[in-house]
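Protein chains in written order, with the numbering used here: chain A, 28 to 431; chain B, 28 to 431.
Bear in mind the hints are in silico, worked out from the structure with no lab data behind them. Possibly wrong hints are sitting among the right ones.
For identical chains, the list gives no copy identity; a pair is met inside one copy or between any two copies.
As a list, the in silico EDC-like pairs of lysine to aspartate or glutamate whose alpha-carbon atoms are at most 20 Å apart [stated by the list, open to error]:
{"id": "1", "residue 1": "Lys104", "residue 2": "Asp231"}
{"id": "2", "residue 1": "Lys196", "residue 2": "Glu92"}
{"id": "3", "residue 1": "Lys196", "residue 2": "Glu401"}
{"id": "4", "residue 1": "Lys196", "residue 2": "Asp286"}
{"id": "5", "residue 1": "Lys104", "residue 2": "Glu92"}
{"id": "6", "residue 1": "Lys104", "residue 2": "Asp387"}
{"id": "7", "residue 1": "Lys196", "residue 2": "Asp387"}
{"id": "8", "residue 1": "Lys196", "residue 2": "Glu280"}
{"id": "9", "residue 1": "Lys196", "residue 2": "Glu176"}
Number of protein chains: 2
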Amino acid sequence: MDLAQARARDAADPLASIRDRFQLPDGIIYLDGNSLGPLPRATAPALEDLTHRQWGERLIRSWNEGWIDAPQRLGAKLAPLLGARADEVIVGDSTSANLFKLLVAALRVHPARTTILSESGNFPTDLHIAEGAAGCVTGGRLRAVPRAEVTAALDPDTAVLLLTHVHYKTAERWDMAALTAAAHEAGALVLWDLSHSVGAVPLDLTGCGADLAVGCGYKYLNGGPGAPAFLYVAERWQERLANPLSGWMGHAEPFGFADAYAPAPGMKRWLTGTPSILAMAAFEAGLDLWTGIEPAAVWAKSAALFDILAAAGDRLGLDCITPRDPILRGSHISFRHPHAYALSQALIAQGLIGDFRAPDILRLGLAPLYLTHEDVWRAGELLAGVVRQEPWTDPRFSERHLVT
Amino acid sequence: MDLAQARARDAADPLASIRDRFQLPDGIIYLDGNSLGPLPRATAPALEDLTHRQWGERLIRSWNEGWIDAPQRLGAKLAPLLGARADEVIVGDSTSANLFKLLVAALRVHPARTTILSESGNFPTDLHIAEGAAGCVTGGRLRAVPRAEVTAALDPDTAVLLLTHVHYKTAERWDMAALTAAAHEAGALVLWDLSHSVGAVPLDLTGCGADLAVGCGYKYLNGGPGAPAFLYVAERWQERLANPLSGWMGHAEPFGFADAYAPAPGMKRWLTGTPSILAMAAFEAGLDLWTGIEPAAVWAKSAALFDILAAAGDRLGLDCITPRDPILRGSHISFRHPHAYALSQALIAQGLIGDFRAPDILRLGLAPLYLTHEDVWRAGELLAGVVRQEPWTDPRFSERHLVT
Numbered sequence: 028m029d030l031a032q033a034r035a036r037d038a039a040d041p042l043a044s045i046r047d048r049f050q051l052p053d054g055i056i057y058l059d060g061n062s063l064g065p066l067p068r069a070t071a072p073a074l075e076d077l078t079h080r081q082w083g084e085r086l087i088r089s090w091n092e093g094w095i096d097a098p099q100r101l102g103a104k105l106a107p108l109l110g111a112r113a114d115e116v117i118v119g120d121s122t123s124a125n126l127f128k129l130l131v132a133a134l135r136v137h138p139a140r141t142t143i144l145s146e147s148g149n150f151p152t153d154l155h156i157a158e159g160a161a162g163c164v165t166g167g168r169l170r171a172v173p174r175a176e177v178t179a180a181l182d183p184d185t186a187v188l189l190l191t192h193v194h195y196k197t198a199e200r201w202d203m204a205a206l207t208a209a210a211h212e213a214g215a216l217v218l219w220d221l222s223h224s225v226g227a228v229p230l231d232l233t234g235c236g237a238d239l240a241v242g243c244g245y246k247y248l249n250g251g252p253g254a255p256a257f258l259y260v261a262e263r264w265q266e267r268l269a270n271p272l273s274g275w276m277g278h279a280e281p282f283g284f285a286d287a288y289a290p291a292p293g294m295k296r297w298l299t300g301t302p303s304i305l306a307m308a309a310f311e312a313g314l315d316l317w318t319g320i321e322p323a324a325v326w327a328k329s330a331a332l333f334d335i336l337a338a339a340g341d342r343l344g345l346d347c348i349t350p351r352d353p354i355l356r357g358s359h360i361s362f363r364h365p366h367a368y369a370l371s372q373a374l375i376a377q378g379l380i381g382d383f384r385a386p387d388i389l390r391l392g393l394a395p396l397y398l399t400h401e402d403v404w405r406a407g408e409l410l411a412g413v414v415r416q417e418p419w420t421d422p423r424f425s426e427r428h429l430v431t
Numbered sequence: 028m029d030l031a032q033a034r035a036r037d038a039a040d041p042l043a044s045i046r047d048r049f050q051l052p053d054g055i056i057y058l059d060g061n062s063l064g065p066l067p068r069a070t071a072p073a074l075e076d077l078t079h080r081q082w083g084e085r086l087i088r089s090w091n092e093g094w095i096d097a098p099q100r101l102g103a104k105l106a107p108l109l110g111a112r113a114d115e116v117i118v119g120d121s122t123s124a125n126l127f128k129l130l131v132a133a134l135r136v137h138p139a140r141t142t143i144l145s146e147s148g149n150f151p152t153d154l155h156i157a158e159g160a161a162g163c164v165t166g167g168r169l170r171a172v173p174r175a176e177v178t179a180a181l182d183p184d185t186a187v188l189l190l191t192h193v194h195y196k197t198a199e200r201w202d203m204a205a206l207t208a209a210a211h212e213a214g215a216l217v218l219w220d221l222s223h224s225v226g227a228v229p230l231d232l233t234g235c236g237a238d239l240a241v242g243c244g245y246k247y248l249n250g251g252p253g254a255p256a257f258l259y260v261a262e263r264w265q266e267r268l269a270n271p272l273s274g275w276m277g278h279a280e281p282f283g284f285a286d287a288y289a290p291a292p293g294m295k296r297w298l299t300g301t302p303s304i305l306a307m308a309a310f311e312a313g314l315d316l317w318t319g320i321e322p323a324a325v326w327a328k329s330a331a332l333f334d335i336l337a338a339a340g341d342r343l344g345l346d347c348i349t350p351r352d353p354i355l356r357g358s359h360i361s362f363r364h365p366h367a368y369a370l371s372q373a374l375i376a377q378g379l380i381g382d383f384r385a386p387d388i389l390r391l392g393l394a395p396l397y398l399t400h401e402d403v404w405r406a407g408e409l410l411a412g413v414v415r416q417e418p419w420t421d422p423r424f425s426e427r428h429l430v431t
């Protein structure tokens with residue numbers, strides 16, 4: 028593909044107008060929306076209204092004017108992107124906290140089943156939290172096995188299969204329907220972490236028969252840095268599972284001020300403490316941006332953007348560790364390179380922001396809502412130039428000094 | 028006291044200039060800052076910078092430019108208000124989640140001690156979370172006894188004494204030094220919930236020998252609706268306690284991406300997931316506002332404001348359930364009244380915002396940073412007028428329709 032062809036693709040792109048819904052900095056090609064989505068134009072006005080009018084002028088009265096229902100309202104707006112029902116999703120806390128809630132609850136379903144089964148190399152917080160959750164249930168344990176051994180490792184002791192749908196490093200995607208069926212056949216529940224899927228990959232939690240899911244709001248959903256996370260519980264499980272983080276916001280009557288905990292009906296029981304309303308408002312602006320956007324169009328564009336960068340990598344002889352078959356991957360592309368850190372830093376110096384994932388991965392995110400084919404074509408050109416420069420010989424780029 | 032005397036007090040008030048640091052709505056006397064603090068003037072510019080520049084322009088790079096250290100930085104700014112060391116406090120999650128972390132950790136200190144001891148009628152989430160935490164430790168249980176029986180109920184099975192320093196309804200204040208000593212004498216740890224204390228009542232966690240504490244950022248600290256909470260662990264406990272919500276942000280090397288959890292040294296291990304940076308920025312503006320403010324002056328003014336409203340209540344024959352002795356109370360005043368709900372609604376209609384706490388409490392908060400003596404004197408006059416109107420005979424005020 029050359030520049031003219033990329034521009035022709037942009038001219039025919041049904042999502043082309045969506046880019047205007049974002050405030051993107053000049054001179055930057057941003058291939059890190061899978062880590063932190065950029066700022067939607069609607070977010071700042073929403074925060075200004077929240078700050079000056081709702082908080083500043085209305086003060087405590089705003090709790091009765093939309094704040095208290097924010098977790099359910101945002102959940103209902105998010106549900107279509109998950110292929111879930113509006114009353115199966117709620118927004119709040121962090122992905123880590125939500126994982127903890129659901130894992131402890133799942134471990135308690137069948138006392139004879141004591142294992143959380145997961146994939147070694149899963150996103151660290153999933154495994155770390157699974158360790159913590161296992162420690163909170165008698166006999167609980169975490170068993171993490173290599174990806175290829177997960178299905179065979181399902182056994183009568185498996186309480187819950189915890190998988191991240193799209194892998195944060197490789198972008199490998201699990202077959203959600205098949206793995207859910209395998210877990211169910213083994214008598215286990217399944218909990219999907221959708222952090223690297225939602226907003227990029229079409230999802231059908233209902234159609235796959237999934238039990239539980241969590242995910243984060245600050246990647247492809249553009250909810251802002253550290254945006255609240257979400258939590259999905261299939262309707263059939265909602266009254267059978269209990270939230271171990273049994274705080275007042277999940278109480279049946281939070282302002283009844285009773286000493287004893289009584290869980291709210293439905294999804295509300297999965298709330299814990301008072302949510303940040305500023306964070307909710309920013310996330311809601313990110314969710315409202317999806318109005319009228321067809322998930323299938325988003326995914327088709329992701330696949331087209333991938334092909335541009337995969338071809339650029341091939342021309343450079345880079346080791347692409349992301350599957351070529353679209354059905355087997357998410358919406359980023361990763362290259363393994365012994366000097367991935369220096370490459371990522373040298374690219375940033377050229378205005379191309381991707382990221383480095385230790386120890387040797389250069390990861391480039393392909394968010395279809397705001398990237399053009401031309402952006403990605405230019406990214407391929409920049410990548411070629413930087414690889415040829417061998418930036419790992421330059422201490423400006425090779426010395427590790429960043430925390431993320 | 029008459030209006031002239033109230034104005035004379037304001038003229039001599041060393042905190043008078045602090046009111047200008049807040050954006051307060053015209054025509055409102057706000058006596059609910061103990062539920063949601065008002066908007067500091069510095070908050071909106073801080074959020075604008077965060078949104079447009081840090082998120083919009085700098086994007087993911089901002090994690091390396093101040094975001095990743097926000098929990099510790101805010102903790103260090105808050106520490107002086109707690110009488111704690113800068114490296115003993117961290118900000119993040121909700122009060123409920125932080126209670127859970129510390130209660131589970133405390134229950135695991137001495138396996139032979141299995142009881143969380145607390146006060147019946149404590150703020151509900153404290154008891155609800157204590158139930159949840161007890162369920163996560165073998166043999167764990169919650170025992171809640173009436174206030175007068177707490178000290179006597181400390182026994183060899185008490186793992187941790189969980190008390191809210193200032194009671195959310197009555198404003199009764201525990202003697203922190205005495206109760207901490209009693210818990211220690213019984214071999215138990217103590218966990219203080221400071222939600223209704225910090226920013227109003229002088230605190231000395233170090234001087235009292237306190238072990239653990241939590242509290243909320245959205246009351247007297249003016250951190251915004253649902254602001255992040257804080258968590259204190261005395262230095263001597265930091266390496267001996269483990270966080271059950273063992274997420275990646277508390278890992279020794281969060282971007283090392285190791286499968287096994289290894290807690291960070293110091294307070295950082297008490298973090299869990301990615302914090303909302305918007306919420307952190309607003310809270311930080313609320314904390315920065317305290318620069319140059321003397322906690323003793325704040326408390327002296329609180330006591331003076333209380334006297335004005337207590338006298339107004341006495342003239343009306345209201346049943347004040349808040350202790351008259353300043354050392355025994357926090358910074359709000361509560362009246363028990365069979366028609367407290369209607370009173371609170373009728374007061375709001377007159378521009379005086381306080382709140383109702385079920386079933387029969389009218390609660391009026393006295394935040395010394397932005398209230399004048401004249402405000403509180405006028406509040407007493409409004410209260411007198413409303414009580415004489417008998418608003419419970421008016422369906423506009425007597426029908427319960429609000430969630431908070």
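Each hint, compared with the structure:
In this assembly of identical chains, the alpha carbons of Lys104 and Asp231 lie at most 20 Å apart only when taken from the same copy (15 Å versus 45 Å across copies). Taking CA atoms no more than 20 Å apart as the test, Lys196 paired with Glu92 passes in neither setting, with 42 Å inside one copy and 24 Å between copies. Taking the shortest alpha-carbon separations for Lys196 and Glu401, neither the intra-copy value of 25 Å nor the inter-copy value of 61 Å comes in at or below 20 Å. In this assembly of identical chains, the alpha carbons of Lys196 and Asp286 lie at most 20 Å apart only when taken from different copies (13 Å versus 46 Å within one copy).
In this assembly of identical chains, Lys104 and Glu92 lie within 20 Å of each other by CA distance solely inside one copy; the values are 18 Å within and 32 Å between copies. For the homomeric pair Lys104 and Asp387, neither the shortest alpha-carbon distance inside one copy (37 Å) nor that between copies (37 Å) is at most 20 Å. Within a single copy, Lys196 and Asp387 get their C-alpha atoms as close as 10 Å, which meets the 20 Å cut-off; across copies the closest is 56 Å, which misses it. For the identical chains of this complex, Lys196 and Glu280 are inter-copy neighbours only, at 17 Å across copies versus 43 Å inside a copy, given an alpha-carbon limit of 20 Å.
Only within a single protomer do Lys196 and Glu176 lie at most 20 Å apart by alpha-carbon distance; the minimum there is 19 Å, versus 56 Å between protomers.
In this structure, the earlier hints numbered 2, 3 and 6 are contradicted, and the remaining ones agree with it.
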